[in-house]
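Full structure from sequences and hints, please.
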Amino acid sequence: MSTANNPYLQVSNLRVKFETHDGTVKAVDGVTFSVEKGKTLGIVGESGSGKSVTSLAIMGLHNPKSTLLQGEILVDGRNVVGMPDDKLRLLRGRDMAMIFQDPLTALHPFYTIGRQLVEAYRVHHKVTKAVAKKRAIEMLDRVGIPQPQRRFGQYPHEFSGGMRQRAMIAMSLINDPNLLIADEPTTALDVTVQAQILDLLNDLQREFHSAVILITHDLGVVSQVADDVLVMYGGRVAEYGTAQQVMKLPQHPYTWGLLASMPSLRGDPEADLLPIKGNPPSLLNVPPGCVFHPRCRYAMLKGGPCDREVPELLQLRTVDEPGHTVACHLPERQRIETYQEEISSVGVAQ
Amino acid sequence: MRKTVKALALGAIATSLVLTAACSANKGTDQEKDTAKEQNFIVDYKGDVKGPRAEVAGAKTGGTITILKAACFEHLDPQQIYVSDALSYGPLVHRSLTGYVETGVEGEPMKLVGDLATNAGTTTDNGKTWTYTLRDNIKFEDGTAITSKDVAYGIARSFGQFGVQGPQFLQAALDAKFGAEGGYAGPSTGDLKVPGVTTPDDKTIKFEFATPQVALPYWLAFPTSTPVPAAKDTKEKYDFEFVSSGPYKRAELVPDTRIVFEKNPAWDPNSDPIRKQYVDKFVFDCTTDAKTQTDRMSAANGPDAAAIMTGNVPPDQIPVVKGNAELMKRVGSAPNQYVYYLNINTTRVTDVDVRRALNYAFDRDAYLKAVGGYDIANPASTITSPVNPAYLEFDAYPSKSDNHGDIDKAMKLLEGKTVPTLTLCTANTAVNQKVAAVLQESFKRANITVTPKFIPSGDYYTTVGRKGIDCDLITSAWGQDWADGQSVLGVLMDGAQIKAEGNNNYSYFNDAAVVAKLKELREMADRGAAQKGYGELEKQIMEQHAPLIPLRYGRTFGIYGPNVGNTFLNQFSQFDLLAAYVK
Amino acid sequence: MFRFLIKRVLLGVSTLFAISVTVFALFFMGPADPAASMCGTKQCTPVQHERITTFLELDRPPHEQYASYMRGIFVGRTIGGDSPDAIECPAPCLGINFRTYEQVSTVIGRTMPITFSIVLGGAVLYVLIGTGLGMLSAIKRGSIFDRIASGTALTFASTQIFFIGSVLLLVFVYQTDLLPLPKYVPFTESPLGWLGGMIVPWIALGLINSAQYARLSRAQMIETLSEDFVRTARAKGLAIAPIYFRHALRAAVTPIVTIAGLDIGGQLGGVAITETTFSLNGMGRTAVRAIDEANLPVVMGIVLFSAMFLVLSTIIVDILYSVIDPRVKLGTSGGH
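Protein chains in written order, with our numbering: chain A, 1 to 350; chain B, 1 to 583; chain C, 1 to 336.
In short, the hints are calculated from the structure, not lab data. A portion of the hints provided could be inaccurate.
Claimed, not checked - Distance windows between CB atoms, simulated: (1) C:Asp292 <-> B:Ala251: 27 to 35 Å; (2) C:Gly266 <-> B:Arg348: 49 to 57 Å; (3) C:Leu178 <-> B:Ala430: 57 to 65 Å; (4) C:Asp82 <-> B:Lys128: 31 to 39 Å; (5) B:Gln544 <-> C:Asp82: 47 to 55 Å; (6) C:Pro255 <-> B:Ala430: 42 to 50 Å; (7) B:Lys444 <-> C:Asp82: 54 to 62 Å; (8) C:Leu170 <-> A:Thr20: 42 to 50 Å; (9) C:Gly266 <-> A:Lys277: 54 to 62 Å; (10) B:Asn324 <-> A:Thr20: 55 to 63 Å; (11) C:Pro255 <-> A:Ala130: 31 to 39 Å; (12) C:Ala241 <-> B:Pro314: 47 to 55 Å; (13) C:Ala239 <-> A:Pro322: 39 to 47 Å.
Unchecked claim - Dumping the calculated DSS-like pairs for lysine-lysine here, alpha-carbon to alpha-carbon at most 25 Å: (14) B:Lys412 <-> B:Lys539; (15) B:Lys291 <-> C:Lys183; (16) C:Lys140 <-> A:Lys87; (17) A:Lys17 <-> C:Lys140; (18) C:Lys183 <-> B:Lys281; (19) B:Lys206 <-> B:Lys139; (20) B:Lys291 <-> B:Lys263; (21) C:Lys140 <-> A:Lys65.
As the list claims (entries may be wrong) - Okay, the calculated bits of chain C under chain A, using three or more residues with CB under 8 Å as the criterion: (22) 95 to 105; (23) 230 to 239.
We put the CB at the ideal spot given by N, CA and C, even for glycine.
Written out as structure tokens, the structure reads:
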């Protein structure tokens with residue numbers, strides 16, 4: 001966990017609730033984290049864990065009528081929770097930008113890539129179209145799109161998947177934002193292209209020195225690019241720490257499950273996977289106690305408060321890993337033992 | 001005009017045309033009067049009736065009358081006119097050799113008079129030769145004088161292709177080969193000489209026939225005899241480019257849409273005993289169906305206050321209109337010229353008592369309800385419509401007061417007789433299905449079994465018009481072609497005319513005495529005097545022979561605007577406009 | 001584009017050809033005897049019947065009549081054969097009205113502007129109002145406005161033109177004179193008169209069809225607003241107006257253009273019930289009456305024109321589609 005005093009993004013005790021026909025959905029329930037400029041936070045979790053909701057909340061992209069936001073989201077010291085949309089929209093695209101999962105649907109099919117980039121630039125810069133076009137071509141070039149002059153006039157459907165995502169990245173970075181949120185930026189892409197995009201993001205971060213949130217369900221991706229890792233489950237934080245801490249000595253059974261589902265990282269392909277059984281909880285009907293307990297194979301070991309009390313997010317005590325926090329009722333020692341005996345033995349790389 | 005059933009089945013006629021009717025005593029300016037009075041009818045052979053037509057008390061000049069029509073006149077080319085709306089309103093622009101004077105005043109007889117001619121016709125040999133002399137100061141709209149040559153040219157046109165939809169009586173009588181090889185085929189052939197027609201001078205036109213033709217004054221009242229200037233005959237376009245001889249002329253004509261007539265300054269009122277020129281303009285709005293006509297006439301707002309409708313109020317709107325006492329003051333309602341019959345084939349049902357019994361057993365009330373109720377039809381007891389001058393009011397087989405017939409009398413007539421099952425032939429239409437059921441029920445009450453046989457509408461009259469057809473009961477309808485008993489009884493009851501095919505006498509009734517009497521009446525030169533004889537003959541036919549059951553009279557039910565003065569249902573069942581004015 | 005047009009026009013022409021053959025065939029298969037219905041309320045005499053039949057060439061075999069009809073379109077023809085009264089019908093000859101001997105091209109020339117005025121004016125009204133309301137409903141989804149608009153739309157969408165039309169006429173025209181009586185005045189003659197004569201039909205068409213378009217565009221807009229690219233537009237920091245108009249509307253409007261194009265194309269061939277309700281003799285009402293009268297040339301002429309408008313409208317819709325949606329390439333898919 002980073003220790004700087006003035007993180008660019010500071011999220012405190014964020015709660016996001018949606019009103020639906022079926023009742024209130026607690027999509028995010030008390031999440032706290034921060035990201036500094038130049039650093040990358042990986043938010044990991046399955047779908048429905050609240051990771052995307054959290055990022056949308058930061059961008060202020062929820063429907064204000066049906067969404068209740070609580071807590072604090074400080075972007076460069078300004079709280080965006082409760083900020084009127086006409087003020088918030090000035091931050092969007094300029095101070096913080098977002099890359100979406102599927103560039104094919106996220107880009108408007110009826111406008112050229114160039115036009116969409118120019119538009120993004122001119123929202124926040126009072127410049128002529130010519131100037132904006134120059135900037136756009138520059139950005140296309142920067143993200144590695146060959147023949148940017150020609151590509152500028154093409155439509156999204158004329159791009160390959162990887163090129164589209166590069167264009168999307170170019171669009172999000174066109175205003176030089178300090179915070180970039182990338183929501184599963186490689187999920188929809190070919191495996192071969194995924195690494196290129198991640199590399200590109202890495203390079204760009206170094207160059208632009210922005211704070212980056214990388215949202216993914218893939219711990220492997222996180223281990224490569226993130227400085228910090230936030231593991232979310234059922235709208236809550238399961239585990240939080242530096243990438244090193246979480247990868248070295250993961251503390252939450254859910255994190256173990258995620259680790260175990262990374263085939264690329266297992267040594268022996270014949271070994272049993274340790275997938276997480278069951279489905280993520282319905283956020284309409286959150287299980288009492290620890291949200292993870294119905295799927296947790298260790299919950300019964302203790303017979304204790306797993307199905308009654310919500311575990312607090314607590315600093316590790318027995319090992320000196322400052323900033324590594326976990327929300328689990330299992331005794332710390334037992335967790336460490338279990339991990340070392342049962343999980344890492346199956347061949348999870350360090 | 002005949003056989004509405006066929007025409008209706010073809011679905012080919014605009015609503016207003018179906019309503020064709022003739023009416024003389026029944027001028028409904030005040031309110032509904034269903035019972036027509038005995039007619040007086042005068043044919044002015046002497047030329048007593050001269051122009052101008054008498055002023056209408058209280059009439060004013062100026063204003064515009066709007067005529068709401070569902071469709072434009074099929075034709076305004078005078079030689080093509082043969083439909084009641086054009087027969088009724090065509091005379092605003094077209095004059096002919098003879099014409100009818102109707103005043104709408106109760107008790108005042110309808111007259112057949114000279115229009116362009118000085119009288120209804122002069123014959124010295126009982127109808128083989130007729131001479132007509134033109135009136136003075138008659139002109140076309142461009143100011144040129146109308147001569148007998150123009151009249152002859154018009155008649156010549158009626159033989160050509162652009163006369164084929166008009167009446168064909170005159171042509172057939174003049175030219176034995178009419179329509180066949182060698183027959184006269186109109187002026188386009190280059191031959192202007194109409195067989196039997198001569199024009200010794202510009203004012204005289206003579207007709208010569210092989211046999212006496214006492215109906216000539218009627219035939220010439222059709223616009224067949226309307227003059228057409230040869231130089232301006234534009235053939236098929238003449239429908240839209242006709243040259244006026246009447247008090248009005250064409251100001252605007254958009255086919256299928258709108259026609260405007262304005263005053264014709266070349267017309268001299270002193271030359272015309274039939275028409276007045278009170279109104280400035282007549283606007284024919286040709287796109288308004290009967291329902292909309294009813295709505296507009298009920299509201300009578302703005303220009304519609306001086307409008308008339310030409311359609312019939314649709315049956316579903318009649319109760320609404322009847323419920324409005326104010327509105328009913330502007331309703332014209334009367335029986336029209338159509339009469340519907342159940343013919344009894346006298347060659348198959350030979351026992352007159354059975355035919356009489358059928359007449360008694362007929363349930364007229366049930367029948368009228370089946371065809372749409374008393375609002376659209378009137379109970380009939382005669383062969384001739386009340387609108388015909390030959391009409392005589394009588395009922396040879398009166399029903400009990402409930403109008404369901406008189407079964408007691410029917411049973412008495414049938415005592416000791418066995419009537420075989422009777423075949424009822426009728427055109428296959430929805431209404432006729434209901435009618436057949438009513439007739440079956442009616443006669444069943446007198447223990448007579450009837451089996452209906454439905455014949456496709458398109459073939460119906462051809463089929464039942466074949467002599468020897470195996471039908472015992474045959475439905476039909478008839479409307480007169482002109483206001484004369486000859487045009488009804490002379491067609492329907494004349495056994496001498498029965499031929500192998502194409503019969504109109506569907507009772508196949510042939511009685512020597514009746515044939516003789518019809519011949520006598522037919523040959524009477526004074527048609528006005530002849531009419532009474534037809535009425536008496538008809539009563540005798542019904543009482544002594546009962547060759548048919550009169551089912552119903554057709555009926556007209558229309559509304560005119562509160563600002564229209566001097567209008568009434570004329571002999572064509574249209575609101576008359578020849579001497580109307582705007583209040 | 002050029003190849004696309006050639007291909008579609010050829011396809012259209014063969015469609016028209018097939019339709020013309022069908023209409024002819026139906027006419028001759030049926031019991032229709034046009035001559036028989038031409039003697040007013042009376043039955044034609046045999047002489048009359050024969051003269052009419054011969055003059056109109058109805059005594060010739062159907063295929064000969066068809067050939068002569070087709071020849072007339074390209075080179076003109078003389079109707080009436082040997083008769084001294086034969087009528088010249090110059091190319092493109094669509095025949096003559098059996099009853100009035102008017103050239104069918106004249107009939108179409110007269111009725112087409114009426115139908116066009118009704119349909120195009122009405123379409124402008126209902127497409128604009130309908131889509132506008134629908135879009136607004138979608139944006140204000142769940143609001144009172146949305147509920148009222150959706151409810152009203154449902155009510156009007158389930159009514160018929162002859163009902164709405166009759167009520168409008170009765171209340172606002174016949175009884176109160178608040179609105180002018182529907183009638184056709186050519187635009188060139190008096191633009192104001194044209195507008196006045198058309199206003200009531202347009203309102204009625206607007207009320208009924210707006211509802212349809214409101215429902216459609218509301219659903220379409222709601223769907224589009226949940227699209228990813230709309231979220232992208234918001235993430236870019238765009239203001240409300242460009243998000244709705246530049247991004248959402250453009251995408252939502254595509255299916256509406258298709259439906260409106262085909263609706264209008266179909267209606268241009270005649271809107272018989274509307275024309276009848278408002279007493280306007282456009283192509284639809286004229287065609288219906290011609291069918292009643294077994295007036296083949298008039299039916300044929302109007303059917304061919306209607307079909308042509310429909311064919312044209314599909315071509316135009318396809319072109320528009322490709323203009324709106326760059327993913328659609330003309331010619332490659334051969335249309336939709």
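Now the hints, each set against the structure:
In this structure the supplied range 27 to 35 Å holds for C:Asp292 paired with B:Ala251, their Cβ-Cβ distance being about 30 Å. Between C:Gly266 and B:Arg348, the C-beta spacing of about 56 Å keeps the proposed range 49 to 57 Å intact. Distance hint check: the CB atoms of C:Leu178 and B:Ala430 are about 40 Å apart, inconsistent with the given range 57 to 65 Å. Range check, C:Asp82 to B:Lys128: about 35 Å between beta-carbon atoms, so the 31 to 39 Å window is met.
Roughly 53 Å separates the CB atoms of B:Gln544 and C:Asp82, a value that falls within the hinted 47 to 55 Å. Remark: the range hint 42 to 50 Å for C:Pro255 to B:Ala430 is upheld by a beta-carbon distance near 44 Å. Look at B:Lys444 against C:Asp82: about 58 Å separates their beta carbons, and that is inside 54 to 62 Å. Checking the proposed 42 to 50 Å range against C:Leu170 and A:Thr20 shows it holds: the Cβ atoms sit about 48 Å from each other.
Between C:Gly266 and A:Lys277 the beta carbon distance is about 58 Å. The supplied range of 54 to 62 Å therefore holds. For the pair B:Asn324 and A:Thr20, the supplied restraint of 55 to 63 Å holds, since their beta-carbon distance comes to about 59 Å. As the Cβ distance of C:Pro255 to A:Ala130 is approximately 36 Å, the hint placing it in 31 to 39 Å holds. Between C:Ala241 and B:Pro314, the C-beta spacing of about 54 Å keeps the proposed range 47 to 55 Å intact.
Under the hint 39 to 47 Å, the C-beta atoms of C:Ala239 and A:Pro322, about 45 Å apart, fit the expected range. A threshold of 25 Å between alpha carbons decides the hint, and for B:Lys412 with B:Lys539 the separation of about 22 Å falls inside it, so the pair holds. Of the pairs offered as hints, the one joining B:Lys291 and C:Lys183 holds, with about 17 Å between alpha carbons and a cut-off of 25 Å not exceeded. Our distance criterion of 25 Å between C-alpha atoms is met by C:Lys140 and A:Lys87, whose separation comes to about 21 Å.
For the proposed pair A:Lys17 and C:Lys140, the alpha carbon gap of about 21 Å is at most 25 Å, so the pair holds. The suggested pairing of C:Lys183 with B:Lys281 holds, with an alpha-carbon distance near 19 Å, which does not exceed 25 Å. The straight-line distance between the Cα atoms of B:Lys206 and B:Lys139 is roughly 20 Å, inside the 25 Å bound, and the hint therefore holds. For the given pair, B:Lys291 sits about 31 Å from B:Lys263 by alpha-carbon distance, which is inconsistent with the 25 Å threshold.
Between C:Lys140 and A:Lys65 the alpha-carbon distance is near 11 Å, which keeps this suggested pair within the 25 Å criterion. Check on the segment 95 to 105 of chain C: 0 of its residues sit with their Cβ under 8 Å from a Cβ of chain A, so the three-residue criterion for coverage is violated. Coverage of a stretch by a chain is defined here by at least three residues with a beta carbon nearer than 8 Å to that chain's beta carbons; for the segment 230 to 239 of chain C and chain A the count is 9, and the condition holds.
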